[in-house]
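As you go down the protein sequences, you meet chains A and B in turn.
First residue of the first sequence? That's 4 in this note's numbering, and the numbers climb one at a time after it.
First residue of the second sequence? That's 4 in this note's numbering, and the numbers climb one at a time after it.
One thing to keep in mind: the hints can contain errors.
No distinction is drawn between identical chains; accordingly, a pair holds when it is met within one copy or between any pair of copies.
Once the Cα atoms are required to be at most 25 Å apart in a straight line, the calculated DSS-like pairs of lysine-lysine come out as [as the list claims (entries may be wrong)]:
hint	residue 1	residue 2
1	Lys343	Lys374
2	Lys346	Lys48
3	Lys14	Lys183
FYI, nobody ran anything at the bench for these hints, they're computed from the structure.
What you are looking at is a predicted structure, and each value in this text was computed from that prediction instead of being measured.
Protein chains: 2
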Amino acid sequence: MNAAAGSAPTKVHVPLGERAYDILIGPGLIAGAGREIAARLKGRKAAIVTDENVAAHYLAPLTESLAEAGIAATPVILPPGEKTKSFEPLMRACNEVLAARIERNDAVIALGGGVIGDLAGFVAGIVRRGVRFVQIPTSLLAQVDSSVGGKTGINSRHGKNLIGVFNQPDLVLADSDTLKTLSPREFRAGYAEVAKYGLIDQPDFFAWLEANWQDVFAGGEARIRAIATSCQAKADVVVEDEREMGRRALLNLGHTFGHALEAATAYDSSRLVHGEAVAIGMVLAHDFSARMNLASPDDARRVERHLRAVGLPVSMNEIPGQLPGAGQLMDAIAQDKKVKDGKLTFILTRGIGQSFIANDVPESEVLNFLKEKHPG
Amino acid sequence: MNAAAGSAPTKVHVPLGERAYDILIGPGLIAGAGREIAARLKGRKAAIVTDENVAAHYLAPLTESLAEAGIAATPVILPPGEKTKSFEPLMRACNEVLAARIERNDAVIALGGGVIGDLAGFVAGIVRRGVRFVQIPTSLLAQVDSSVGGKTGINSRHGKNLIGVFNQPDLVLADSDTLKTLSPREFRAGYAEVAKYGLIDQPDFFAWLEANWQDVFAGGEARIRAIATSCQAKADVVVEDEREMGRRALLNLGHTFGHALEAATAYDSSRLVHGEAVAIGMVLAHDFSARMNLASPDDARRVERHLRAVGLPVSMNEIPGQLPGAGQLMDAIAQDKKVKDGKLTFILTRGIGQSFIANDVPESEVLNFLKEKHPG
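One chain only, chain A, in its complex shape (with noise of 0.2 Å):
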């Protein structure tokens, strides 16, 4: 990782030998990306996979500096929401880009967040195959999450993300301008995914991030930095474990607990959105690991006490409205992960910064914490 010097953007590379990328992390962006994606592709076509809210922001100035590189831009734009993750806007974005007449060496882009990034990428790895893909995330969930790591798809009636491709991007273009837009909401929400990557391996990110978050929060040097340091561990994960057999699973942090929640309350983001089931799925799988004697409880007060300070929910009972007994959410966490002969995978902890997958970690056990939990 370059330090961020002058106007030059911080550069992490990942080196997946011929799918190896560059992640580009700064200001000003977007009016670069003509450039910065002329140098790395053949083609001289492309199509914007975008939504309606993103669009209004930062559709012209991206097109403008495609056109100035001599690359002609066709929008595709969806409606915002986790709901344009599934198959009839995959059909839709499918057959826009193909009128588009987007070859293999064209590009699709993906100007949004994390939605529109996971739609993009399976959108480019299935036209013709395959078309090169660059990612242009706009939220800080997309900038140091779903941009980073080649996972693409849509969901199910059966669960999140189960259908989709292993598809990197040839190029990511995190603009921090693009976060002065978000909402508090939208940021706290990326946020977590932050906090995560300390609290996955890097005990001193995390106690960096309890000292300086107001700082990441205010913009400036340290949000550059934390989403630089986030880009960087995803990227080192991922280099080792690009198709999720083993340690790629650590990046779940949180999430086994969060799927079930956002399952629960059917991905409708007024009520949660994914880095607020994140956090209180962090918080979860701390308490789980106190629990099974792994970590202090301590531990878990401690990232309930950070993710709550900068505004995050760290609870089940903070979700608005009636969430589905302890039964249904188990049903839901046996679909996301497998279970063999009563057992499943989980991230768990010893700690701060010390997660672990466990591959024995029995359904009975989760069932009965999440009953005490959530009684309803």
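Since chain A is already given, all that's left is putting chain B on it; use the hints.
Just chain B, lined up with the frame of chain A:
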């Protein structure tokens, strides 16, 4: 390739590194499928994607064979026909495979012809971002072509096979007994692809087919030999160029014209099936090569004579109903193939078994040729 000895199937190995797999060819392979699959895959669950017609013949024996090997199978039965290669059946199949709780080490098994293989391979490639995949092709076309090589996908309103993934199977079981239930028309259509391998680069194989096609149609050793030679030919090309950056394009001999004719008949199999379109397309490719002074017109007549002898259509005039004009056929070709500065890539030939990739065929020459052949 091993010679078929006694009851041992003929084996063609496809050496694609960590994606290497075997193609087994011979009688009785459905009855032995459970053993072969259980020996190669860790999972003990499978979803059998098939169509109503094929299910009536082979679903019960396959399910039984799997059960004997300890593999629990769930059927996913789709309507027969090319229209199944579209988004709605794809979505339905994905959801049914997920409902069957197929995990990454479990298998999606394609039991059917090319349509089922292409769809099921796509499903296997995207459910959970990839589960194991077994091809059990039951048509000649699927056995010699679509089940080998990893191309999967569906059609779009913009053209055939425009949405999909490269997904190599883990095993192909080409049970020659299944060809007994094919209609003569279906068998002939598959035979067009067999003849194609001779025309691409094996003039001796084409001559052998001219002399022995009646034995191939009758069944027995000549048929197995024709299938195995075809699979080996395709495997050789795929190993050299898995993702179709170069040489693999040779497999499209006859297909550029063929795809345009399929589009022009709205994929209506009562008018034209894929192999018939390829037969006409191969004659057109030889005729066009002669017109460009690359090959002798005698070669085109020799191809025409052989394909007509086996009962395949060899000219656009034989397609029932009205065809759109040459201009519309040209548009279909331009969507199928990249056109750059008025030039397109085409598979042409210098004679029987001497095909090559021509990168700079003038669109105008193709259009004039089509106008001559199809003045309508």
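Hints versus structure:
no.	hint	verdict
1	Lys343 with Lys374	within (21 Å within a copy, 63 Å between copies)
2	Lys346 with Lys48	between (49 Å within a copy, 18 Å between copies)
3	Lys14 with Lys183	within (21 Å within a copy, 61 Å between copies)
In this structure, every one of the numbered hints holds.
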